[in-house]
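Asker: Chains as they are written, first to last, in this note's numbering: chain A, 1 to 362; chain B, 1001 to 1355.
Incorrect hints may have been included.
What the hints assert, rightly or not - In silico EDC-like pairs for lysine to aspartate or glutamate, Cα to Cα no more than 16 Å straight-line: (1) Lys1094(B) - Asp110(A); (2) Lys1135(B) - Asp1109(B); (3) Lys1354(B) - Asp110(A).
Calculated from the structure, these hints are not laboratory results.
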Amino acid sequence: MLPFSAPAVYQASKCFVTYGVMGHLDPKQPPSKSKPWTTLASQDFIHRADLIIPQQAYEAVQDVLIKDKPAPQFKRVFMSLADILADNFLEEYIKKRNIMMLSEGRRGIDNVFALRQGTLTMFLDKEAYERAGLVGKPHGVKGKRGLKPRWVVEFDLTASSMFPGKKGFDRLVYASKNALSTPLTWLFCSISDDTPMPDPLDRHHPTTLSTTPNVSQGINALTPTLTPSVDSIGSGGEAREEFESFCTELYEWLSLVRLGSPRIQPGDQIDPYLCRYHVPGEENQQSQQLLCKINWQGFLAPSWARQTLIDIITALPSKTWFSFSTTTFSKGMAGDNAECTFLRPQDSSPVEYILWEVKGHE
Amino acid sequence: MLYDLNIAWSATTSPSDLEHTLKFAKNLGYDVVALNHIINSSIPTQPTPIINPIPQLTPPHPSYPAPNQNTRAGTTTNLSTTAASTTPSSSSEKRLPTVLRRVTLVITDPATTNYRLLDFARAYDLLTLRPTNEKAFSWACLSTTEPPALISLDLSTSLGYHIHHRTAMAAVHRGTRFEICYSQAIGSGIDARARSQFIGNVLGLLRATKGRGIVVSSEARSALGLRAPADVVNLMAVWGLGPERGTEALGVGARAVVVNEGIKRRGFRGIVDIVKPAEGGPTIDREETGNDGREGKIGKQERNKQQQGQQKQQQKNQKRKNGEGSTGGGGGQDGQGGMSKRQAKKMKKELVAKG
Chain A
1 MLPFSAPAVY
11 QASKCFVTYG
21 VMGHLDPKQP
31 PSKSKPWTTL
41 ASQDFIHRAD
51 LIIPQQAYEA
61 VQDVLIKDKP
71 APQFKRVFMS
81 LADILADNFL
91 EEYIKKRNIM
101 MLSEGRRGID
111 NVFALRQGTL
121 TMFLDKEAYE
131 RAGLVGKPHG
141 VKGKRGLKPR
151 WVVEFDLTAS
161 SMFPGKKGFD
171 RLVYASKNAL
181 STPLTWLFCS
191 ISDDTPMPDP
201 LDRHHPTTLS
211 TTPNVSQGIN
221 ALTPTLTPSV
231 DSIGSGGEAR
241 EEFESFCTEL
251 YEWLSLVRLG
261 SPRIQPGDQI
271 DPYLCRYHVP
281 GEENQQSQQL
291 LCKINWQGFL
301 APSWARQTLI
311 DIITALPSKT
321 WFSFSTTTFS
331 KGMAGDNAEC
341 TFLRPQDSSP
351 VEYILWEVKG
361 HE
Chain B
1001 MLYDLNIAWS
1011 ATTSPSDLEH
1021 TLKFAKNLGY
1031 DVVALNHIIN
1041 SSIPTQPTPI
1051 INPIPQLTPP
1061 HPSYPAPNQN
1071 TRAGTTTNLS
1081 TTAASTTPSS
1091 SSEKRLPTVL
1101 RRVTLVITDP
1111 ATTNYRLLDF
1121 ARAYDLLTLR
1131 PTNEKAFSWA
1141 CLSTTEPPAL
1151 ISLDLSTSLG
1161 YHIHHRTAMA
1171 AVHRGTRFEI
1181 CYSQAIGSGI
1191 DARARSQFIG
1201 NVLGLLRATK
1211 GRGIVVSSEA
1221 RSALGLRAPA
1231 DVVNLMAVWG
1241 LGPERGTEAL
1251 GVGARAVVVN
1261 EGIKRRGFRG
1271 IVDIVKPAEG
1281 GPTIDREETG
1291 NDGREGKIGK
1301 QERNKQQQGQ
1311 QKQQQKNQKR
1321 KNGEGSTGGG
1331 GGQDGQGGMS
1341 KRQAKKMKKE
1351 LVAKG
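Turn these sequences into a full structure, and let the hints steer you where they fit.
Answerer: In structure tokens:
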């Protein structure tokens, strides 16, 4: 066939792998400055999170993660941007508390609004941008002879200049009433614990949904060695190649477990015309284990993910391996999303970890 | 907004099949879709009025004038041309995409059809030409009276001629876009020879236009011929149209075609359009003058004054709205001079470049 053209700048996703050592974990003072934690915090809106553990470890984790932990709640509400900028909503939720909201739509195709850490980001197409009359930056591929089809506009709503009556804010309100006035479906999640009384959100009749974890136990899987071999640690070129192939295969296997694929089951006979996947490693390096997968799906905050990872690490016995992955909402037409997978390898020090971070092109 | 400007329709399509196809298109993510009536047979040369046989399944696209439009100023409204719905829906999803009605004329002999093009253009939302030989192709690109919205070739057969860069770019500069219909190459009944012919022709077309001025659509006869937009972009990337151009072909480029065609049909010669009439003061009912007597007379005077004020305001508003693209008319519409021909030409050029 024809040679594939090189992926354009705005299409390729990249995966960054880190093999490192965590600092000591103090549950009273959750860490936030070092590597696995900053990666978790850098994701914007988490759509699903998966935990894969060996079946024996399930009892240890069951209480902490499922019974005692309150299920994170989020709301789905149908409102317009003007409602968000209305006095009481702005005052109660945005200025005083920490919330996150995401509107419906595909970035790069429709007009999408996201509110996170007090910053309102609007991804607009050219017409909406010109009608709104706000200042923004071009979004997407650079160039194209001056035609800029998409724009991003950002506003920091927690700033002291964002009050009704001030010019910048009034411009935003005008735009929300005239150009961006169609009501959309939003997902709303409150990160701070208290809710204001009376709730300004009640006027829009939100539906509250809660994310209960989904447990699938007793997955019979052919497990490869979950520890990087001695050959792959080191700074030589060969060591790097070895490590790269190990990590890629292991990531593929973890993804198949997350998807619930039957290809990892022992004794799987699939016609090689349809699938040529083999569990990585030699026959003697693979072991047959029972795995358990816990899955959360909803509109989750990165702070929740961080807390969950801390809970997992403190709850599990220190020799057990586990894998925790978070996936964000998809962006753009191809539906690719950012993902972060954390693995504590087997048979190694309890503070070692391998972290895969898949970054989308935006 | 993603556009699929070619879903094949014929008089024999059953409404349930059609609805099935449209729902599937909406599901895949296409917001605006055009039903294509392909006219293969000879076009009557007598000036019989042309009726659009395609049913109007959804409210018309906001760029296009509504079917029963009076020419009064107050009925055109400032609707966004990319609004997914013009009326608020109860939930924000709609079952069917906005449907446009389009015609494709298969041209073999350009001499007989040239003067019928305008009638077709008036009856349908989009006019496409499908030339079958080289003479018709160069005529379609260069010398139609009004450039067609799209030139769509049947790429699964051997063209017989080479597409020249100069001809193709001349057509693109006139405002015509070339259309690639991907279901001519994929699907169940396509043999390998047709597919290889298609790929060769696509390569030739992309070489001639260098990827500019291309719109991609399916020519789906049923829901099975439709593919998701990301898959279409990938498919076109394999065949040589870079992914950004591919996304543009489905989104921005197709939107440009639709909006430009709408503008041509709306307003005065596609140049001047009234966006929003000036707001007047409260009007007073004539029926009440019987009771109110004197007050009624004053009311009438007031009303006259208000009307004059409105007209003046309208003129003022229109005079001030100078550089606003197609809308806002410029000082054009007061009864006396109108704008100069040069200004009108300039605005039209701006339109085509912007849209």
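Asker: All hints, please: hold or fail.
Answerer: Status of each hint after checking the structure:
no.: 1; hint: Lys1094(B) - Asp110(A); result: 15 Å, holds
no.: 2; hint: Lys1135(B) - Asp1109(B); result: 8 Å, holds
no.: 3; hint: Lys1354(B) - Asp110(A); result: 20 Å, violated
Hint compliance for this structure: hint 3 alone is broken.
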